[in-house]
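Per the numbering used here, the sequence shown starts with residue 78, numbered consecutively.
I should point out that these hints are in silico values taken from the structure, not numbers from a laboratory.
From a predicted model like this one, the values you see are computed outputs, not experimental measurements.
Cβ atoms here follow ideal geometry from the backbone N, Cα and C, with glycine treated the same way.
Keep in mind that the hints are not guaranteed to be accurate.
Stated by the list, open to error - Dumping the calculated DSSO-like pairs for lysine-lysine here, alpha-carbon to alpha-carbon at most 27 Å:
(1) K223 with K246
(2) K153 with K170
(3) K223 with K245
(4) K245 with K227
(5) K436 with K227
(6) K436 with K168
(7) K170 with K436
(8) K436 with K223
(9) K153 with K168
(10) K153 with K436
(11) K227 with K246
Unchecked claim - Label-pair restraints from in silico Cβ distances:
(12) I155 with Y267: 48 to 58 Å
(13) N160 with I290: 41 to 51 Å
(14) N298 with I484: 20 to 30 Å
(15) L81 with N157: 19 to 29 Å
(16) G294 with N240: 28 to 38 Å
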Amino acid sequence: MTRLAYAGILLVNSLLSWIALSPFVIHRLEKISFGYINNRCGPDGKECISFTSVHRINLALGVLHLVLAGLLANVKSINNPRNVIQNGCWKLKVLAWMALIAVNFLAIPDTFFVFYGNNIALVFLTIFLGIGLVLLVDFAHAWAEKCLEKIELEELTGEDEYNALFWKKLLVGGTMAMYVCSIVLTVVMYVFFANKGCGMNQAAITVNLILAIIISGVSINQSVQELNPNAGLAQALMVVFYCSYLVLSAVVSEPDDKACNPLVRSKGTRTFSVVLGALFTFVALAYTTTRAANLTFFEPEHTNPAPILSQPDERSQMRYQAIKQAVDEGSLPESALHQLDLYDDEGRMGSSGDDRLVKYNYTVFHVIFFLATQYISTLLTINVTQDNVGDFIPVGRTYFASWVKIISSWVCYVLYGWTLVAPCSGPTASAPCNFERAHDCRILCMKSH
78 MTRLAYAGIL LVNSLLSWIA LSPFVIHRLE KISFGYINNR CGPDGKECIS FTSVHRINLA
138 LGVLHLVLAG LLANVKSINN PRNVIQNGCW KLKVLAWMAL IAVNFLAIPD TFFVFYGNNI
198 ALVFLTIFLG IGLVLLVDFA HAWAEKCLEK IELEELTGED EYNALFWKKL LVGGTMAMYV
258 CSIVLTVVMY VFFANKGCGM NQAAITVNLI LAIIISGVSI NQSVQELNPN AGLAQALMVV
318 FYCSYLVLSA VVSEPDDKAC NPLVRSKGTR TFSVVLGALF TFVALAYTTT RAANLTFFEP
378 EHTNPAPILS QPDERSQMRY QAIKQAVDEG SLPESALHQL DLYDDEGRMG SSGDDRLVKY
438 NYTVFHVIFF LATQYISTLL TINVTQDNVG DFIPVGRTYF ASWVKIISSW VCYVLYGWTL
498 VAPCSGPTAS APCNFERAHD CRILCMKSH
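Please model the entire structure based on the sequences and the hints provided.
Here is the structure:
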């Protein structure tokens, strides 16, 4: 619930930033503050299109997260008195957030935010995008491996055939669904966004299609699968689907100066697409932030599994021996031996105090949220022009936003491709990778990026 609450605050903050771009809000703020807060900055008084207002709002929440990151440094147990700062004191944190917004509007000049938004915030934007791509690649591997592990466990023990069938259907059905969706997205892009004279769109869509074919072929290559048994179409098609979505989002985000974006010209879908696109962006951002803060490769070392404090019963012991044999053969990861469901429900699996440890790194959590605030402020303000949409401002409808998404899709392909071929190029390439080794290879690759 704590992480959802922080995500909710980020979502509200993002929506406030978006609303602050509205001409109506700009004029009301100027009127209420008797001209002290206005929409002009620079020596010539040129309009900033609420550039500074958006950065003021987001930097306020960002500073709050940095303060919390410092206060919660090295908190590893829920018994630590500082744990209440993370999971409580909500009224105080909201008041501090409001106070920081007021200070940013009343005490800090426009020139600071113009410099900050055009230079420093871009660095944080790049870092956050990189984390998001690593998150996607890690999720693609983890999802398929989880399904395969569940299938192997149920087949070895033979206790629940229906459960194994469910995981098989999830894996195969999910793979087919992503395959069909990727084809549909590609066809839609070619039909509606790749007309004559739209060279940028044609190139981006074609390159994405070529990379999708290459990455799918590599994932089922015999040499790759011999050294990395976890490689397969399930992970590859998840990456392909996400990258195809990124390219579609890129062509939808571009301005319509070359008549290549029919959504901009359609009056019936114009406002709807702006509102829906903004809400989707902010919700996805909130999810990405909370998920990224929990990734284990941000930790200096992995937590050791809980010890077994008593002997399991005969039925559980037979199950344990079957899984242990699979682990020895390399079919399952060693972590499968430490799953709680291998034992009975009477608490034979001891925790030895590990249940008192925090579930995620609080400091990393708040640093990720700080980066997210800078990402959203840059997304809303970089190269923004007053598109004639009334009181709604489109989120990220610029060539900058389009190219960021296109390049991000290419980087995502490269990252995933590297996780496939890295085990084949290392010093231990002569021996097949088991589950644990493949996971270690992936984490090593991600840390290098």
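Honestly, which of those hints from before does the structure not fit?
-> No numbers; nothing is violated.
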